[in-house]
Each structure stands twice: as C-alpha cells, then as structure tokens.
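**Student:** Make a model of the complete structure from these sequences and hints.
These protein sequence lines map, in sequence, to chains A and B. The first sequence stops at residue 135 when you use the numbering used here, and every number in between is there. The second sequence stops at residue 401 when you use the numbering used here, and every number in between is there.
Simulated from the structure, these hints should not be mistaken for lab results. Every residue, glycine too, gets a C-beta built ideally from N, C-alpha and C. Keep in mind that a hint or two might mislead.
[Claimed, not checked] Derived DEER-like restraints, expressed as beta-carbon distance ranges: (1) B:GLU202 to A:HIS103: 24 to 32 angstroms; (2) B:ALA115 to A:SER119: 30 to 38 angstroms; (3) A:PRO75 to B:GLY59: 38 to 46 angstroms; (4) A:LYS109 to B:GLY206: 29 to 37 angstroms.
[Said to hold, decoys possible] Some, not all, of what chain A presents toward chain B, calculated at C-beta under 8 angstroms: (5) VAL12; (6) ASP37; (7) PHE78; (8) PHE115; (9) ASP120.
[Unchecked claim] A few chain B residues that don't get close to chain A, going by computed Cβ distances all over 12 angstroms: (10) LYS21; (11) ASP25; (12) ILE68; (13) PRO132; (14) ARG216; (15) LYS236; (16) LEU240; (17) ASP291; (18) GLY334.
Each chain is listed here by its residues.
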Amino acid sequence: MTTETVARIPLVDYLVLEDPPHLVAHECTSCGARFFDRRNACASCFGTEFRSAELPTEGELVSFTIVSFAAPGVPVPFVAGVIDLDGTTVRGNIVNTEPDTEHVTLGMKVRLTTFSIGSDDNGVEAVAFGFEPAS
Amino acid sequence: MNDDIFILGITMTKFGKHPDKDAVDLGAEAAMNALADGGVTMADMGVLAAGNLMNAAAGFGQQLQKQIGQTGIPVFNVVNACATGATALRTAIMAVKAGECDMGLAVGVENLAGAGLLAGGFGKPDGHTWEPSGRYGAVAPVDGRIGTDTMPGTFAQVGMEYLHEHAYSGEAFEMFAKISEKNHSHSTLNPLAAYNKLMTLEEIMGDIMIAYPNTRPMCSANCDGGAAAVVVSAEKLKTLSLEQQRRAVKVSASVLTSDPYTEGCQVLPDVNTLTRSAATQAYEEAGVGPDDLDLVELHDCFATAELVHYDNLKLCEEGGAVEFFESGATWRDGDMPVNVSGGLQSKGHPISATGIANIWEVCHHLRGEAGDRQIEGATVGLAHVIGLGSACGVHILEKAA
Numbered sequence: 001m002t003t004e005t006v007a008r009i010p011l012v013d014y015l016v017l018e019d020p021p022h023l024v025a026h027e028c029t030s031c032g033a034r035f036f037d038r039r040n041a042c043a044s045c046f047g048t049e050f051r052s053a054e055l056p057t058e059g060e061l062v063s064f065t066i067v068s069f070a071a072p073g074v075p076v077p078f079v080a081g082v083i084d085l086d087g088t089t090v091r092g093n094i095v096n097t098e099p100d101t102e103h104v105t106l107g108m109k110v111r112l113t114t115f116s117i118g119s120d121d122n123g124v125e126a127v128a129f130g131f132e133p134a135s
Numbered sequence: 001m002n003d004d005i006f007i008l009g010i011t012m013t014k015f016g017k018h019p020d021k022d023a024v025d026l027g028a029e030a031a032m033n034a035l036a037d038g039g040v041t042m043a044d045m046g047v048l049a050a051g052n053l054m055n056a057a058a059g060f061g062q063q064l065q066k067q068i069g070q071t072g073i074p075v076f077n078v079v080n081a082c083a084t085g086a087t088a089l090r091t092a093i094m095a096v097k098a099g100e101c102d103m104g105l106a107v108g109v110e111n112l113a114g115a116g117l118l119a120g121g122f123g124k125p126d127g128h129t130w131e132p133s134g135r136y137g138a139v140a141p142v143d144g145r146i147g148t149d150t151m152p153g154t155f156a157q158v159g160m161e162y163l164h165e166h167a168y169s170g171e172a173f174e175m176f177a178k179i180s181e182k183n184h185s186h187s188t189l190n191p192l193a194a195y196n197k198l199m200t201l202e203e204i205m206g207d208i209m210i211a212y213p214n215t216r217p218m219c220s221a222n223c224d225g226g227a228a229a230v231v232v233s234a235e236k237l238k239t240l241s242l243e244q245q246r247r248a249v250k251v252s253a254s255v256l257t258s259d260p261y262t263e264g265c266q267v268l269p270d271v272n273t274l275t276r277s278a279a280t281q282a283y284e285e286a287g288v289g290p291d292d293l294d295l296v297e298l299h300d301c302f303a304t305a306e307l308v309h310y311d312n313l314k315l316c317e318e319g320g321a322v323e324f325f326e327s328g329a330t331w332r333d334g335d336m337p338v339n340v341s342g343g344l345q346s347k348g349h350p351i352s353a354t355g356i357a358n359i360w361e362v363c364h365h366l367r368g369e370a371g372d373r374q375i376e377g378a379t380v381g382l383a384h385v386i387g388l389g390s391a392c393g394v395h396i397l398e399k400a401a
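**Tutor:** Okay, structure coming up:
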C-alpha cells in the first residue's frame with residue numbers, strides 16, 4: 001500500500017496532475033471542437049457526443065496583458081495570457097519570469113508548469129497551473 | 001410591413017456625474033427630450049424598448065412610463081451588456097418595421113459614476129476546505145490565477161492578439177496610446193462628454209497602468225447618462241411637418257448579431273467575427289460601402305478595442321489597422337473620422353445609454369447640428385457597439401433626401 005503524504009487537488013477539473021501535468025478538454029466527436037466546461041451540445045456543430053482530449057504542454061503565447069489593477073484580493077502585477085497549444089487555445093498566467101514586456105513577448109514559446117496555492121484545513125494541497133518561458 | 005425607418009427625434013443627456021438623478025430621472029430626461037426633438041408625445045408611441053443594465057430586474061421601462069406617460073403600450077425591457085442601448089433601438093425598429101405600430105421609443109440609461117472594475121475579482125476568499133464548484137470544478141477563485149476576468153485586461157488581450165496575428169513589430173504601448181490621444185483631443189469639442197480635457201501622449205502613457213497596454217485614460221470612463229430615440233415609419237413620416245421630415249435621419253441598416261462559434265472564443269471572447277458579420281450585413285442592407293461613410297462612432301471601450309474595429313468594420317484593408325490609424329485617417333480632419341464625439345474613453349460609457357448616444361452623435365452631424373465639431377457635409381455615418389458575451393449592433397444612418 002502506498003503512503004501518500006500529501007493529498008493534492010487541481011485548481012480546476014481540466015487540469016490533470018499526473019506526471020507530467022497537462023490540461024484536458026471535452027472534444028466533440030463529430031467536429032473536434034474542444035471545451036473546458038461541460039456542454040449539452042457542441043457550440044460549433046450541435047453534436048452531443050464528447051470524448052476526452054489531452055492537450056500538449058508546450059505552445060505559443062498569442063496574446064497577453066500585464067494586469068496592474070485588479071479586484072481586491074487579487075495580487076498584482078501578473079501576466080494574463082492566451083496560449084495556442086498546437087491548435088487549441090487556452091488561458092493562463094505567464095509565470096516564472098518578470099511581469100514586463102522585456103521578458104514577456106508575443107509569439108514566445110511557453111510550457112505548462114504547476115504550483116501550489118496552499119493547503120486547506122485537511123492538509124489537502126490545491127495545485128494551479130501557469131505557463132513559463134520555454135527558451 | 002414598413003420598409004424604411006427613420007429616426008424622428010434623438011437626444012443624449014450630458015454624460016458625467018449626476019449624483020442627484022437616478023436612472024428613472026435620467027431616462028425621463030432623455031426620453032422627453034427625444035420626444036420634443038421629434039415633435040411628438042407619448043400618445044404617438046406604439047412601443048417602448050428600454051434598457052438599464054444595472055437594474056435589469058426592476059422593470060425600468062414601466063418605471064419610466066410612470067414618470068413620462070402611461071399609455072398601455074407594450075414595453076420591452078432589454079438587456080444585452082454594453083449593446084443594451086442598440087438592442088433597445090433595434091427592438092423599437094423591428095416593431096415599426098413589422099407594421100405593429102408606426103412610431104416607437106427606445107431609451108437606455110445607466111448610473112455608473114464612481115463604479116470601478118465591472119467584472120473579475122475573487123468574490124469570496126479561499127475556503128477552509130478545497131471544494132470543487134462551478135462549471136470548471138474550481139476549488140478556489142480563478143480570476144488572477146488563470147488569466148484575467150477584468151474588462152481592461154480582456155480588451156488589452158484583444159488588441160495584443162491583433163498585433164500578434166499581423167506581425168506588428170513597433171511600439172505597441174505608444175501606438176495604442178496615440179488612439180487615446182486622438183479621442184481625448186476630439187472630446188474637447190463635445191460639451192456633453194464626461195471628460196473633455198486635452199491629454200498629451202505623455203500624460204496618457206504616464207497615467208496609472210490598469211492592464212498593459214491600457215492606462216486609465218485609455219479605458220472607457222464609468223459615468224452617468226441617458227439617451228433616447230424616437231423611430232418612425234416612412235409612411236407616417238410623410239404625414240408629419242416638412243421640418244420634421246427635413247430633420248429625420250434614415251436608418252439605412254439596423255443589424256444585431258451574436259458571436260458565432262470560433263476556436264478560442266471560450267478563452268478570449270471573439271469580438272471580431274460578430275462585428276465583421278454585422279458590418280457586412282449592414283453595408284449590404286444599406287447599399288453603401290465603407291468608402292461612403294463620412295464618420296464612424298465605434299465601440300472604443302478601450303484604446304486596444306478601437307484598433308481591431310477599424311479592421312472589423314472594414315474601414316481599412318484586412319490586417320491593415322495600424323497602418324490605417326498611423327495614416328491619420330481616423331482623426332476628425334482625416335478621410336474617415338472615427339469617434340469625433342471623443343469616444344467612450346472621454347465621452348464616457350454609461351453602458352445602456354452608449355448604443356443610442358453613438359447614434360445621436362452620427363445623427364447630429366447628418367442634421368448639420370454638431371456645432372464646433374461638425375463634420376462638414378456629412379451624409380452617411382455608421383454607429384457600432386459591442387456587448388461582451390457577445391452582442392454587436394451596427395446601424396448605418398443617412399441624411400434624409
């Protein structure tokens with residue numbers, strides 16, 4: 001019997017923590033459109049059958065903003081980005097680099113990384129994802 | 001069924017701070033002035049379409065009737081984010097066009113002075129136990145952890161995405177700030193704008209950064225304001241006075257679209273496809289092209305948004321928005337004046353009023369009544385609005401023959 005010392009839970013259900021951590025989408029079986037939340041029917045073709053699709057962990061930063069002013073409780077500054085993971089667009093923060101335009105540039109290659117956002121009263125650790133420069 | 005529709009009367013209130021007026025007061029002011037502008041009364045109205053986003057459940061249209069005239073006509077209380085005003089107008093136009101009545105009133109009003117960010121935020125602190133909830137099974141709030149939910153950040157990404165798609169290699173921040181410089185400059189001629197102070201490029205770039213590349217003056221200004229319009233069928237207009245006929249403005253196209261599915265639209269809202277579609281439909285319906293436009297009021301909720309809509313509204317070559325802007329075309333003395341009102345960045349953005357106020361601006365020029373900021377000889381104009389989520393309204397207006 002394995003003894004797991006730290007129980008972990010992903011920040012969102014489309015983040016899979018198993019090594020290597022990756023994102024997973026609901027993929028329409030008829031047209032291939034991908035969604036991160038559940039859909040009653042595909043927004044693109046109205047098909048009702050979905051399968052699970054694992055996303056690549058490396059991609060390209062196609063847009064970003066450096067948020068300096070956010071709602072109370074949200075630490076700033078941070079870089080919010082839109083990442084093209086080989087044809088599937090995802091959103092995420094750009095992490096492990098300085099939040100400025102010298103270090104964050106359009107078209108830069110990034111890869112998925114995970115980090116803890118803290119443990120709850122039961123000792124369960126929540127794990128979030130972001131994207132870091134893949135130079 | 002009525003074919004041609006005209007704006008008979010239209011007004012906007014001063015945008016800005018109206019601490020002594022609630023939404024009903026501002027709506028009543030706008031509506032009564034629009035009726036007076038058209039030379040008609042509530043007794044002539046066959047339909048009322050009303051929008052007030054922040055009190056959407058309050059039955060704003062009926063509240064308004066109680067202030068200005070209860071005649072038993074159908075009321076449509078409409079909500080479509082920042083496109084609420086255009087949706088109200090579109091609703092009144094549809095009723096007249098369908099032949100249900102020959103005149104209708106559309107009103108949009110908002111009290112937003114002092115409001116901060118309108119979206120985003122944790123809402124609640126992290127819990128003591130991680131419990132998945134919501135459609136993404138999130139165990140904690142995601143704004144700021146998985147990108148941003150704020151409007152300045154969202155529209156910053158919309159602009160930056162355009163630069164990436166079209167391989168822009170210049171100074172993004174300065175280029176976007178120059179768009180804001182233009183609109184703040186335009187606003188100095190608009191006494192109804194919330195802010196009509198000239199701002200230098202240095203002042204704009206040196207102001208508080210909200211979400212790169214948008215500093216505070218590059219963001220739409222939250223403020224109070226109302227706008228209203230009376231629409232009339234062509235047939236009914238013929239029975240009115242020559243002066244009413246002379247000042248009437250033809251609605252050559254009235255189009256409302258929602259966002260069709262595109263890859264990535266669940267991640268970053270696609271404000272482009274539905275705008276392009278609305279513009280295409282509007283040009284076809286009106287039988288005019290972008291080259292025929294004398295002025296355009298477009299939805300510059302952020303400086304970064306204005307850029308992409310040059311392209312979406314086909315004011316420039318596809319992919320050529322930066323070059324188009326840098327040519328000077330969109331300044332008031334250029335070939336294609338855009339946001340001569342000062343735009344949302346200076347005139348202000350009282351959400352539900354915006355989609356009627358932009359039409360008022362265009363009508364004001366077509367009627368030759370725009371005073372110091374008159375675009376001389378204007379005969380055709382376009383007004384565009386976007387509500388995130390998304391809804392897009394495009395109206396093309398023409399001076400009555």
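**Student:** Hints numbered earlier in the text: which of these fail when held up against the supplied structure?
**Tutor:** Going through the list in order, the structure violates hints 8, 13 and 14 and respects the others.
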